[in-house]
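A.B. asks: Once you've looked at the hints, dock chain B against the given chain A.
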Amino acid sequence: MARAASKSNAQNWFLHRITGTFLIFMLITHFWVQHYDQQTASVSHSVLTTEQIEQGELPEYEEAAALAVKERFGEDAEVTPYDVVMLRLADPVYAVLWKAFNILFLIVALHHGFYGLNNVMADYIRNPMARKTAKVLSWSLALVLLVIGMYSVITAGW
Amino acid sequence: MAVDTLEKAADSGSAKAVSQDSRFQRYRIRTGMFAWMAHRLSGVALVVYLVVHVWGLRALTDRAAFNELIAGYHAPIFKIGEFLLLAAVVYHALNGLRIVLIDFLGWSPNQKKLFWSLGAVAVVLIGVGGYPTIYSLVDFFFLAG
Chain A
1337 MARAASKSNA QNWFLHRITG TFLIFMLITH FWVQHYDQQT ASVSHSVLTT EQIEQGELPE
1397 YEEAAALAVK ERFGEDAEVT PYDVVMLRLA DPVYAVLWKA FNILFLIVAL HHGFYGLNNV
1457 MADYIRNPMA RKTAKVLSWS LALVLLVIGM YSVITAGW
Chain B
26 MAVDTLEKAA DSGSAKAVSQ DSRFQRYRIR TGMFAWMAHR LSGVALVVYL VVHVWGLRAL
86 TDRAAFNELI AGYHAPIFKI GEFLLLAAVV YHALNGLRIV LIDFLGWSPN QKKLFWSLGA
146 VAVVLIGVGG YPTIYSLVDF FFLAG
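So the sequences go chain by chain: A and B.
Heads up, the first sequence is in my numbering, so the first residue is 1337 and it goes up one at a time.
Heads up, the second sequence is in my numbering, so the first residue is 26 and it goes up one at a time.
It is worth saying that the hints were derived from the structure and are not from the lab.
Owing to the predicted nature of the structure, the values given are computational and were not obtained by experimental measurement.
Some hints here could point you the wrong way.
[Said to hold, decoys possible] Subject to a maximum C-alpha distance of 30 Å in a straight line, what follows is the list of computed DSSO-like cross-link-like pairs (lysine-lysine):
#1 B:Lys104 <-> A:Lys1406
#2 A:Lys1343 <-> A:Lys1471
#3 A:Lys1343 <-> A:Lys1468
#4 A:Lys1435 <-> B:Lys104
#5 A:Lys1435 <-> A:Lys1406
In isolation and in its complexed conformation, chain A is listed as follows:
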């Protein structure tokens, strides 16, 4: 029992480094398409005041994004954050790849984050019962996020 536990700890320790290394590359891709690529960045560089947001004003997008949205969804398509994301997630060819990437990214990020969080909690929570409770609660939250995240990614645009 103790032997099995220590083997699992060693495997998780190793896995934490592997997932961390993978996350570096996945995050570069994520940041690139979401923030820097002028066609696909759904978070643009415009800054909105509270009044503008309350009036339902949407962020401005680059010409490249507007052109791509109109080409895909028709001349009178609105260029909104949703449509810019759907350039990838509702693409007839590449949507499957983007969804697969996002799901893999989600799994790796959740495992890395919640394993790390449990390491931190195990260092500060002395009571074994409380430690166990924190472990169960945090992994339950990770599982909920996995289901929600997968559902959002898979159904988006379909």
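C.D. replies: Chain B in isolation, oriented as in the chain A frame:
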């Protein structure tokens, strides 16, 4: 990593004695210790962000809700948050890379040099990567009349 405490340091005469008036152990903060603390703090912050991020993306299934969510993220406070997020991610990623290099390739004799080299890389990445955000914030607050 062996940890030096203030008391131990005081015994060896390399630092002035510090009275232990709290129940918490006080530590001498050196490069490795600082790197470790910053790694923990940024890591916990990133998990909190991950939870909020995935939870918010439920809106991906509803056009109006998604547009409202993303418009909200263009408020100045969130743009500042975006920059801080980049800084946390870059630090955590590069220090994590340093940990992997030490653990897997045994680079520990170079770890301090490695920390400061990667620190320089981090500053460049945060500067270049955060430039559009900083530019739009400066424009919003100071340039746009």
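A.B. asks: If a hint holds in the structure, say so; if it doesn't, say that too.
C.D. replies: Going through the hints against the structure:
1. Between Lys104 (chain B) and Lys1406 (chain A), the direct Cα distance comes to roughly 27 Å. Compliance with the 30 Å bound is thereby established for this hinted pair.
2. For the hint pairing Lys1343 (chain A) with Lys1471 (chain A), the CA-to-CA distance comes to about 18 Å; that is within 30 Å, so the pair holds.
3. The suggested pairing of Lys1343 (chain A) with Lys1468 (chain A) holds, with an alpha-carbon distance near 19 Å, which does not exceed 30 Å.
4. With a C-alpha separation of about 26 Å, the suggested pairing of Lys1435 (chain A) with Lys104 (chain B) holds against the 30 Å cut-off.
5. For the given pair, Lys1435 (chain A) sits about 22 Å from Lys1406 (chain A) by alpha-carbon distance, which is consistent with the 30 Å threshold.
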